[in-house]
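Chain residues, written in single-letter form:
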Amino acid sequence: MSDTRTTGFPGVEQTVLGADEIIINMGPQHPSTHGVLRVKLRLDGERIVDSECVIGYLHRGVEKIAEHRSYQQFAPYVDRMDYVAAVSNGLGYCEAVEKLLGTEAPMRAKVVRTILTELQRISSHLLWLGTHAIDIGALTPLFYCLREREEILKIFEKYCGARLTTHAFRIGGLQYDTYDGFEAETKRFCLDFSHRVDEYEALLTENRIWIARTKGIGVLSAADAIDMGATGPVLRGSGVKWDIRKAMPYAAYDRYEFEIPIGQNGDTYDRYIVRMQEMRQSNRICLQAIEDIPAGPIMGKVGKVLKPPVGEVYHSIEAPKGELGYYIVSDGTTQPYRVRIRPPSFINLEALDKMIKGHLVADVVAIIGTLDIVLGEVDR
Amino acid sequence: MVNDPSEKKPPAPAETPSEKPAGASAEKPAAAPPKPAAPAAPKPPAVPPPPKEGPVPLDNDLVKRFKARFGDNIREAWTDRKQAILVVDRESLAEISEYSRDDEGFDYLVDLTAVDWPKREKRFDVVLNLYSFKKNERLRLKVFLGEGENCPSVTGVWSTANWLERECFDMFGIVFEGHPKLTRILLPDEWQGHPLRKDYDILTQDTAWVRENLGIESGQ
Amino acid sequence: MSALLEFLKTYMWPLIFAVVIVAVLPLLAGYVVLMERKIMADMQARLGPMRVGPHGLLQPIADALKLLIKEDIIPENADKVVFWFAPVISVTAAMLAYSALAIGPFFQIAELNIGLLFIVAVSSMGIFGIILGGWASNSHYSLLGALRSTAQMISYETAAGLALVGGVLLAGSLSTREIVQAQHGGTWYVFVAPIGFFLYLVASIAETNRAPFDLPEAESELVAGYMTEYSGFRWAVYFLAEYANMIVVASIATTLFLGGWLRPFQGTPWMDFLDFFPPLCFLAVAGYCFYRTPKQPEPIQSMVMALFGGLCLLLAAAMALPFVPAFAASKPGLHGAFWFLLKVSLYIYSFMWIRFTFPRFRFDQLMKLGWYFMIPLSIVNVLGLGVYRVLRQLQWSRWPAFVLTTGGTLLVAIWLVWNAQKKAAAPSSVGDMTEAEG
Amino acid sequence: MTPAQISQYAFYFFAALAVVGAIGTVTVRNVVHSAIFLITSLLATAGIFLTLGAQFVFAVQIVLYVGGIMVLFIFVIMLVNLDVALHQMQFKRRWWVAGLLALALGGQFGAVIYYSRAGGVLEIPAARTGALSPQNVQQFGLALFEKYALPFEIASVLLLVALIGAVVMTKKRV
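Residue numbers (the working numbering), protein chains in the order written: chain A, 1 to 380; chain B, 1001 to 1220; chain C, 2001 to 2438; chain D, 3001 to 3174.
Think of the hints as simulated: they come from the structure by calculation, not from any bench.
Errors might be hidden in some of the hints.
To be verified - Not everything, but these chain C residues come out facing chain A in the computed CB check (under 8 Å): (1) Gln2044; (2) Ala2045; (3) Thr2268; (4) Phe2358; (5) Arg2360.
What the hints assert, rightly or not - The calculated DSSO-like cross-link candidates involving lysine-lysine, where the alpha carbons are at most 27 Å apart (straight line), are: (6) A:Lys64 to B:Lys1181; (7) A:Lys40 to A:Lys354; (8) B:Lys1064 to B:Lys1119; (9) B:Lys1082 to A:Lys301; (10) D:Lys3147 to C:Lys2422; (11) B:Lys1122 to B:Lys1064; (12) A:Lys40 to B:Lys1181; (13) B:Lys1198 to A:Lys64; (14) B:Lys1198 to B:Lys1119; (15) A:Lys64 to A:Lys241; (16) A:Lys64 to B:Lys1134; (17) A:Lys215 to C:Lys2368; (18) A:Lys215 to C:Lys2038; (19) C:Lys2066 to C:Lys2080; (20) A:Lys215 to C:Lys2331; (21) B:Lys1122 to A:Lys354; (22) D:Lys3171 to C:Lys2368; (23) A:Lys187 to A:Lys154; (24) C:Lys2066 to A:Lys357; (25) A:Lys246 to B:Lys1082; (26) B:Lys1134 to A:Lys241; (27) D:Lys3171 to C:Lys2423; (28) A:Lys354 to B:Lys1134; (29) B:Lys1134 to B:Lys1119; (30) A:Lys357 to D:Lys3171; (31) B:Lys1119 to A:Lys64; (32) A:Lys241 to B:Lys1082; (33) A:Lys215 to A:Lys64; (34) B:Lys1064 to A:Lys241; (35) B:Lys1135 to A:Lys246; (36) B:Lys1198 to B:Lys1142; (37) B:Lys1142 to B:Lys1119; (38) B:Lys1122 to A:Lys64; (39) A:Lys301 to A:Lys158; (40) B:Lys1122 to B:Lys1198.
Just so it is clear, CB atoms sit at the ideal spot from N, CA and C, and this is done for glycine as well.
Extracted from the complex, chain A is given alone in its bound form (with noise of 0.2 Å):
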């Protein structure tokens, strides 16, 4: 019935599949998988036995590429992993290379740093929304967010030039000082946002179908969700609380105040409620930031040519989709002798095939929408 050169597992060619089992290959090109991630599902009718990701479609060898480009030529790089999170990448890989460094940089670069990719981590989330709602059959939503997406964008626009893969932040600061009406423009963004996140959650918080859909879906206990690494709302939807941000605080994030929103059975619905209250936290965040900005210099004492000394650090970051962490080994020349960049979608990623087995087809789609995942990060 089914092509196995193609769709069978490994080791699972020679198995007579059960009488009511079919073969569904889901992707690399499918209409909600997110890019190129490959699901091979087992399905017993439409339950699903067996599944196994297939990644790698996007494997750029960003690691490879960091040995043989200078601290500050990699820059650039990291953001074309997480694409739709660019500034976040850009931070910590920034913030990473300042720590092997022993420098820091000025406060007010981190205030600006931190608006950027808060306003960052608003835009991921929104994209995530409408991508998520349009995966579970809500078309509208999708529209919303991007209308505001844009307002955002064009805010890193006039910052910096780049919408998408912004690059941002220099090592040792910022190149850019803030445009004028930064302050203006980002303060009506937010004032305004927190309304257009009640209307999204009007659309759907409340709406059963998606209750129905979300609720004990793709449920992740949180000790599963330690075990599996998982990490950002995958890990606070299933009840942990913690967050890099208020954990091992970076940037500017000791300045503010906000709270980290929970969830407590771990499921979809969880999730979906835990980022949109991430959104709004991000937002306050945003408008205590965008009020006291300090005066001062952008960029740190950084030399032309960076030369960390001999040694290693580990710095990560809360990126919207979980902790991005660097791992950067110095020899003392002008370019890093390794990078490992963790990468949260990667592993978010993996606890897919944990929390497919034995839902529908259907709850599949829900499910790879709710980890939140960019396959340029997964694949890097």
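Fit chains B, C and D to the supplied structure of chain A, relying on the hints for placement.
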């Protein structure tokens, strides 16, 4: 950084520029061989930042507990940029991992990766980044592996390790013993070579594979 | 020759109507698609098609042309004959259903005394197009889509049929014409049997595979369901069938529940000014077209816009024709068609509104809704309406009878919902069920 | 061409279609194709009902047999692994049984038709071809619930038994 509680944890042997850790064996700084096969021409030394950071030997309670339990299997302990690093014996990695998870509370395997030092006697570092939710601390375990030596798998301790070890195998060719299904993850299954090894040039590719499967001469 | 003339004489009007339906329906379906896209765009804070013709008015024609000249791909392992035949079945079934519909008191191809049953019967054959197309494509996605579609349509046809039975019970006839006439002067059945109307609304959405019940073609799960392997004109034929079906179910609902071609407040003399509504409506649209004409960026677009304005003017003139005493007899036909189509449009609008608002059901949830809620409720609804009729025959006045029967049905509905929620709240209802079964 | 003529031609057309469909059903290899032929045959039968003026039966034939039963048929066919079923030779050695039965049935038909020429066994009501009876549904209902109430109820019980049987059988599988 100041507020980073985890990094306060090592009873910080001061911010002072650390001289070579005396207690450590000479082999350890070899973790940074001065001249790896770096293809780039040495740049003119332009104001290098003062080398105030670097490895400092570490001997706090945590390390003492580990040493008390595993003795010589804990080869070394130091801190680098205020981050604790334990070098452990290859054979006892699984037990040490289990101990760190159950007794020390490092229940979250943040990352597992490797570093290739081709000039060194033991070629690979396998690096495990751990985190404890309870203590809000990070810990790094390292295992030195020679060419052809296998590393015990920690998939039984943390499920996360599954894909991470597969990636490590894919990129470095390190075999993890006891892994349920050690196949390539990012590269195609039939690919030859392990790209993150230092002797794998950045322009290298499996031309035979590319030609056969993509029908083009070169992927560059 | 004379035999042929004889034949034509007998069947002239039905033949003309049939030709009109076959010729106009694809165009109409195309414009329903355009309407849908425009409405969707409006609800989603964007513009929708704007390029082909002014405000995208020529988009359907461009789409049709594009689909016609697209390469026709038949998958290698497909069952070629069935693959070729399946879309034709779908569209035939959909079009055949129009033969019994009365679009106004004049425009009807065939007056059947089983009209409604005929429509239901014929449109139920459309399933074959879907299931055979899905099977013939030889693709898992198609097959899953086809199976889903079949299960869904069978389940919801039951509910839809029972909802229709309620209306038929009130009218006392299956003929579309008689059903409308039974509502003449009285109240439309939507006000007598609101629950029946609601049931039919939901069931008809499910039957036409529209969101939130569009599982057979859920693009995020099954790519395009049974249509996955179809392309070009065959795909367009499926699409045509889908929209034609939408118009059919909307027409059934209009006939049975919304008074068919009857003007609102037909029996109320002081509301007679509504007779002026049809021409004025077209006049307003024409006026808007002419107002927008000089604002078009291209001269050709201005021309098209003016042309559309002229068309609307023509329609307005046609609608005004009955006010000329000599043509007064044409009023029921023209105005009837207008009101009928207006109601159909509103019904379809509600389809679209629902589609852009709600997420999609999951398949098991859909079936649960169908079998645990819709079908029981529709049976109770039929019972309630039977009681209503008896009560009316016993000379009860309308209100007590209505409150008693509809209230009773509503109570059952509430009980069903409450029961379902209780079941959902219970831990692992699936496990409970299998235990109870064992 | 009068309506009566048309309905005569229509009868021959439908009758031929029904026979072709029936032959196709038993001769074609592919199960789905066979089902399609069966559908054709059933539809043609419905058409014959229509030429006899039995509109209600026509519609019910389509709703129940074509729209309901055949859809379920195909549904089941698709759930079963077709490739396996295709390659199995079924009933190959039983052709003589089938032939015998067919012969017997044919003989029966022939006998009935022969003896009923003068209106013996079968009581053929006055044909109402063409003229649409306005009270078709009512007549049908009256006949069903008054004259043939007992057979109707017996058939209902039979169906109920089948229904319960089906439920019991599926439950056992769970």
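Against the structure, the hints come out as follows:
1. Gln2044: holds (4 Å)
2. Ala2045: OK, holds: alanine 2045 of chain C within 8 Å of chain A, min 6 Å.
3. Thr2268: Nearest chain A Cβ about 39 Å off; hint violated.
4. Phe2358: holds (5 Å)
5. Arg2360: holds (2 Å)
6. A:Lys64 to B:Lys1181: At roughly 25 Å apart (the allowed maximum being 27 Å), lysine 1181 of chain B and lysine 64 of chain A satisfy the hint.
7. A:Lys40 to A:Lys354: Given pair lysine 40 of chain A, lysine 354 of chain A holds - Cα atoms ~14 Å apart, limit 27 Å.
8. B:Lys1064 to B:Lys1119: violated (32 Å)
9. B:Lys1082 to A:Lys301: Given that 27 Å is the threshold and the Cα spacing comes to 21 Å, the pair holds.
10. D:Lys3147 to C:Lys2422: violated (47 Å)
11. B:Lys1122 to B:Lys1064: holds (26 Å)
12. A:Lys40 to B:Lys1181: Distance of about 16 Å is within 27 Å: holds.
13. B:Lys1198 to A:Lys64: Distance of about 9 Å is within 27 Å: holds.
14. B:Lys1198 to B:Lys1119: holds (10 Å)
15. A:Lys64 to A:Lys241: violated (35 Å)
16. A:Lys64 to B:Lys1134: violated (35 Å)
17. A:Lys215 to C:Lys2368: Roughly 16 Å between the alpha carbons, so the hint for lysine 215 of chain A and lysine 2368 of chain C holds.
18. A:Lys215 to C:Lys2038: violated (33 Å)
19. C:Lys2066 to C:Lys2080: Roughly 23 Å between the alpha carbons, so the hint for lysine 2066 of chain C and lysine 2080 of chain C holds.
20. A:Lys215 to C:Lys2331: violated (56 Å)
21. B:Lys1122 to A:Lys354: Violated, at roughly 37 Å.
22. D:Lys3171 to C:Lys2368: Roughly 18 Å separates the two Cα atoms, so the pair holds.
23. A:Lys187 to A:Lys154: Judged against 27 Å, a Cα distance of about 14 Å means the pair holds.
24. C:Lys2066 to A:Lys357: violated (42 Å)
25. A:Lys246 to B:Lys1082: Status holds; Cα separation ~19 Å.
26. B:Lys1134 to A:Lys241: Since the Cα atoms of lysine 1134 of chain B and lysine 241 of chain A sit roughly 11 Å apart, the hinted pair holds (cutoff 27 Å).
27. D:Lys3171 to C:Lys2423: OK: lysine 3171 of chain D and lysine 2423 of chain C at ~20 Å, within 27 Å.
28. A:Lys354 to B:Lys1134: holds (25 Å)
29. B:Lys1134 to B:Lys1119: violated (39 Å)
30. A:Lys357 to D:Lys3171: Holds, at roughly 24 Å.
31. B:Lys1119 to A:Lys64: holds (18 Å)
32. A:Lys241 to B:Lys1082: holds (25 Å)
33. A:Lys215 to A:Lys64: Cα-Cα ~42 Å, so violated.
34. B:Lys1064 to A:Lys241: Violated - the C-alpha atoms of lysine 241 of chain A and lysine 1064 of chain B are around 30 Å apart, more than 27 Å.
35. B:Lys1135 to A:Lys246: holds (14 Å)
36. B:Lys1198 to B:Lys1142: Since the Cα atoms of lysine 1198 of chain B and lysine 1142 of chain B sit roughly 19 Å apart, the hinted pair holds (cutoff 27 Å).
37. B:Lys1142 to B:Lys1119: holds (18 Å)
38. B:Lys1122 to A:Lys64: holds (21 Å)
39. A:Lys301 to A:Lys158: holds (26 Å)
40. B:Lys1122 to B:Lys1198: holds (14 Å)
Hint compliance for this structure: hints 3, 8, 10, 15, 16, 18, 20, 21, 24, 29, 33, 34 are not met, and every other hint is.
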